[in-house]
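As you go down the protein sequences, you meet chains G and B in turn. Read in order, the letters of the first sequence are residues 3 to 365 in the numbering used here. Read in order, the letters of the second sequence are residues 1012 to 1242 in the numbering used here.
Treat the hints as calculated values from the structure; they're not laboratory data. Please note that the accuracy of each hint is not assured.
Okay, derived cross-link-like pairs now, DSSO-like style, lysine-lysine, Cα gap no bigger than 30 Å in a straight line [said to hold, decoys possible]:
| # | chain 1 | residue 1 | chain 2 | residue 2 |
| --- | --- | --- | --- | --- |
| 1 | B | K1143 | G | K189 |
| 2 | G | K117 | B | K1162 |
| 3 | G | K267 | G | K35 |
| 4 | G | K139 | B | K1166 |
| 5 | G | K117 | B | K1166 |
| 6 | B | K1071 | G | K64 |
| 7 | B | K1162 | G | K64 |
| 8 | B | K1165 | G | K117 |
| 9 | G | K17 | B | K1071 |
| 10 | B | K1162 | B | K1143 |
| 11 | G | K81 | B | K1072 |
| 12 | G | K237 | G | K35 |
| 13 | B | K1165 | G | K139 |
| 14 | B | K1071 | G | K140 |
| 15 | B | K1072 | G | K140 |
| 16 | G | K194 | G | K117 |
| 17 | G | K267 | G | K296 |
Simulated DEER-style distance windows between Cβ atoms [claimed, not checked]:
| # | chain 1 | residue 1 | chain 2 | residue 2 | range |
| --- | --- | --- | --- | --- | --- |
| 18 | G | E72 | B | P1140 | 56 to 64 Å |
| 19 | B | T1141 | G | V302 | 51 to 59 Å |
| 20 | G | Y80 | B | T1141 | 50 to 58 Å |
| 21 | B | R1066 | G | I122 | 47 to 55 Å |
The C-beta atom is built at its ideal place from N, Cα and C for all residues, glycine as well.
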Amino acid sequence: MNLLKVSNLYKEYYKEDKSSINVLSGINFSINKGECFVIIGPNGSGKTTLLRILGLLEPPTKGQILYYNEDLCNISRYKKVQYRRKFSFVRQKPIVRNTSVFNNIAYGLRVRGMKWEEYINDVNDIIKLVDLKGLEKKNARSLSGGEMQRVAIAMNFVFSPDLYLLDEVSANLDPMNVKLLDDFITKIKQDKEKTIIMSTHDPLEAIKFGDRIAVLNNGQITQLGTPNEIFTAPKDEFTALFVGYENILSGTAEMDLKSGLTIIKINNLTIVASEQVEGEVKVCIRPESIGISKNPPSNVSYRNNFKGNIEDIRDLGNTCHLIINCQSERFLATITKLSLNNLELAINSEIFINFKATDVKIL
Amino acid sequence: MSNDIIDGILEAIRLLFTFDRELWGIIEVSFRVSLTSTFLAALVALPIGSFIGLREFRGKKTLSNLINTFMGFPPVVMGLIIYLLLSRSGPLGSLGLLYSTSAMIFAQFFLAVPIITGTAKAAIESVDPTLKETILSLGASERQLWWELIKDSKKSIIAGFLVAFGQAISEVGAVMIVGGNIRWETRTFTTSIVLNTRMGEFGMAIALGVLLISIAFIVNYGLTRLQARGG
């Protein structure tokens, strides 16, 4: 069963002169429990409005949001509060209450009726996690921007909601805080009871966390699919321009102690990467980094060589995109029109693709 | 004439520093009436004002305009209305409250309610909307949100209370009409100044005037301090 089903959602804003603008027009999607759903789009595409509506912070003009089969657009004030308590809404620019760091972080637990002795341990644990130990008694509004963001992260995550709504949370963070947030999101993703809906304008972030990605443009979802579907086959020009092209594969990484390289198992394929990691990973290979040859290459430095079939050829003027199927993994490669003609490539041609271990980017 | 002024000032100093019984009686009545009325008004106006500030509903604009109009309601007219209500033939005449401090509290209460309602509403509305949303998204109920917003805007709310108190204690028309300016009973700073000036008793008038200005100064000083304080 779907956790959340959004159908035909519209949001209109009225301007001063009574004319209206459609911020969201006809949004449809559904989300499963345990999923990480990423909404990607440029500024002004309606990402924040969509998340605010899902967070019950503003009503849609029309449409339906079913959460476990209850329509969230048609419930009493009291029920709205009960549902909001299952959700967490983290905004891009955090704002904290005019009180101590501890009180700010404890607030979400306190409004849920928890007593001091019930929440003190949870709050202290998360204060350690976000590295704010020693600042508990300081007024949160007197902290630096980065510290305040960590308070905001802690206060939204401490009550362990069922649904996390994250609105471009990493947009203004410094690298250290991005790392902290990444660790949190990774941990939440492992818990299959928790669902995440996040918005971003950063394609790499979308690839990194998204189980599925929705591309939002001008208040409409133009494409919805897995990261690999979106990045290897953008449906329209906007999506292509905005997200770019990437080959995204997920698999399990293991270190090879002899060579010092990382071996990544992706279904039937084994990829070699130079970055050292272990465990579940997503890897990214730029289409420009993939070389094509007609015959099995010999004596080359490329660590990754696979045989495949050309499924599709897209003409881009002086270059073209090849969609290559290697043991049911799809790769996108960019080559020049000249090479295409020289190699006499056509749909269904059998070819070999190769790319360097150093070109395998691990996310 | 100049003799009158100098005599008046000397007499004022004497009255103030000899702790004249009548002078202190007037001070006591003025403070009792204005503090009680402002306090009672706050009890009623704070919930109303913050509720209007918090919720969106139809007719809110009209209601806001109405409150703003009543914030500058002429005290004399308020005195007249309360007089008509409390006079022997009026609807509340049987209470026998006319020419008592209760009647004065009544009149000042109705003058203070719009002021405190209006400032509380404005204070709640001026809170950063993203703070409101953050508090809601953290799971607060409407009452919990309301309490947080009151806490966040307490400076403006206290300021509204002080403004209402300052208006009440320096107001003359309403207390004159419904209090009757009865010596030892309902005489206040302002009504006493009016009476003593009429009678040429400038000493008492100046002494009371100086005190009233001092109170105004203290209230304003308090407001400035409040606004200057961070957080």
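* **Satisfaction of hint between K35(G) and K267(G), Cα-Cα up to 30 Å** => holds, 27 Å
* **Given hint K1166(B) paired with K139(G) - CA-CA distance at most 30 Å** => It holds: about 22 Å lies between the C-alpha atoms, which stays within 30 Å.
* To do: Could you grab the alpha-carbon distance between K1162(B) and K64(G) and see if it respects the 30 Å cut-off?
  => With Cα atoms ~35 Å apart, K1162(B) and K64(G) exceed 30 Å; violated.
* **Holds or violated: K17(G) to K1071(B), with C-alpha atoms at most 30 Å apart** => Given that 30 Å is the threshold and the Cα spacing comes to 19 Å, the pair holds.
* Are the Cα positions of K237(G) and K35(G) separated by 30 Å at most? -> Holds, at about 27 Å.
* **30 Å Cα cutoff - pair K267(G), K296(G)** => Holds, because 25 Å separates the two Cα atoms, which is no more than 30 Å.
* Hint consistency between K81(G) and K1072(B) [alpha-carbon to alpha-carbon, up to 30 Å] -> holds, 28 Å
* Is the gap between the beta carbons of R1066(B) and I122(G) within 47 to 55 Å? -> violated, 35 Å
* **K1071(B) paired with K64(G) [C-alpha distance capped at 30 Å]** => holds, 24 Å
* Measure nothing beyond the straight line between the CA atoms of K1143(B) and K189(G); if it is 30 Å or shorter, mark the hint as holding. => Distance ~29 Å between K1143(B) and K189(G) Cα, so the pair holds.
* Between K117(G) and K1166(B), does the CA-CA distance stay at or below 30 Å? -> holds, 29 Å
* **Satisfaction of hint between K140(G) and K1071(B), Cα-Cα up to 30 Å** => Roughly 39 Å separates the two Cα atoms, so the pair is violated.
Of the numbered hints given earlier, the model fails hints 7, 14, 15, 18, 20, 21; all others are met.
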